[in-house]
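Chain R is fixed; fit chain E onto it per the hints.
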Amino acid sequence: MPLSSLGTLLPRILGGPITFNQNSRRLLIGNVAVHFTAQVSKTAPPKLVINFTAPVNPMIATEPGKLRMVFTHEAVVAPGSQVLTFDSKIIPSASFQENNGAAELVVAASVPVIASFSHDGRSITIEPPPQPATPAQPPPTTAGPTAAGPTPASPPLVTTAPAAIRRYFAVVDPSHGGDERGASLTGQLAEKDINLAFAHRLRQELETRGLSTLLLRDGDSSLSLDQRASLTNSAHPAIYICVHAASQGTGVRVYTALVPAGIENRGPFLTWDAAQTASQVLSRSAGALLVTELQNKQIPARSLIAPLRPLNNITTPALALEVAPPSDDATQLNSPAYQQLIAGAIAAGLADLRDQLEAGR
Amino acid sequence: MIPRHLILGVTVLLAITLGMSLYVWQMRGRVDGSDLSAANSQPVAPPVSGATEQVTLYVAYDDTGVLRPKPVRIPLPAGRQERAAEMLRALLNLYLDKFSPHPLGAGSEVRDVYMVDPGLAVIDLNAAFADNHRSGILVEELTVVSLIHTLSANIPGITRAKILVDGKERDTLAGHADLSNFYDVPAVNQVAAQLQNTQ
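Here the protein sequences line up with chains R and E, keeping their order. For reference, each letter of the first sequence is one residue, going 1 to 361 in our numbering. For reference, each letter of the second sequence is one residue, going 1 to 199 in our numbering.
Accuracy of the hints is not assured; some may be wrong.
Below, a sample of chain R positions facing chain E; criterion: calculated Cβ distance under 8 Å [what the hints assert, rightly or not]:
1. Gly182
2. Gly249
3. Leu304
4. Pro307
FYI, nobody ran anything at the bench for these hints, they're computed from the structure. The beta-carbon is built from N, C-alpha and C at its ideal position, and this holds for glycine as well.
This is chain R alone, in the form it adopts within the complex (with noise of 0.2 Å):
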């Protein structure tokens, strides 16, 4: 039976509409079609929004003058035109094209740009990076609020030009946002606010002693775990880390992955659920400092080996903070104070493992 006559026979014996492109080699079948419209605000610098009819989690690429995004997963389909252009210098163009059973789409721009996802991975924004932070001299002290640079208003993957890539040393992730509350922590208190302010503190301490920091979420947002994984490993930062909260126990767990069974790594590619392998004994020694250096600041913590993911889907060194309250009182995890003192802890930890942790990229 030719190939070409799938496009006429399917729709007859699954009795719905189909897609078929045999050139691209992609079948659709039923009403699954993921449309997008792209827009470019004249913002400065300027954004393109691109707005997807359902959720998408592409693979992205850069190079030079380009950024690739090809989804795989997703049935995203042509827009009106294959080559959409806009008013903007910046962002003149992007081109979607179908290929080898995939949709690509490709945003030319002038300068590097960062690509970054909300409303539950149904937009994804374009633009230029926020001017890197300007790090403060080593550490002042640790007590009030610093002067933070500019952050993301969410979370940038990597730029166009490498000249102009902005190496982060950390890639802090506040775990769970939007709907994805958390642990109830009390009544009140969610685990994901929690984790918010407390990711905000540690960034503060962090490019305080210099260190580049990202976070993957800004503002209450909600990010899928492969999301954050795919997020963090293309910024390649030295170090994961992402933020937990919990009213059960005192002090500070530090966890490093335990990676599932019956999966290896073959040659230069890596399995996403045994991403983290290679770097989990970095990642332990890095585990064990963070908590000697909180011990030595009175600070209870342990280290411990937990199934949590995405911590084994990440390439670098990845560890897992879980806050829990000084005392049996849950409400003081949203004091000031003790997550002062905790970020501080950490991001003194985490300066001391500077040299190895950017030794091992």
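Quick look at chain E alone, frame taken from chain R:
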């Protein structure tokens, strides 16, 4: 004039209706009086036949965040799968107790344990187990490691474990502990050893 036999018939019927009403009202009172508390809503496991044997349960303690071995004698059936399920039910009985060191939500239950050669143990929990579980990395990890390590410590040859909820795969237990992958039992045993240290 109403015939006499009709009056008698209606009177008898009214008497029967009244009697039945009184009987039903009395029965309803007895049912209301019986205590069907939430604790009794837990499914009653069928009695286990078999000799009583000693097994070691690995019990989670929330206060210190540790796992401790607890030798117990429980009746165990002959089959490998049934033995595994009984061990986990004994563990859950401790967690569902009023003075539980690691409380689980009401109605938590192990539906079944499947031993699949070579070396795979599949633990099927009910929805109440996961839905009512407290959220947190350590509290979820203690549950998972307690279940898997109790099995592997008492039943030789288990190398991998998988946890299902109501027979289906689930991403996490309560937002943290990953249930989407297979657990490497030797690695879980290392975590269990780590969790037995209070430091």
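Inset, instruction - Return the numbers of the hints above that this structure violates; sort them in rising order. - result: Of the numbered hints, all hold.
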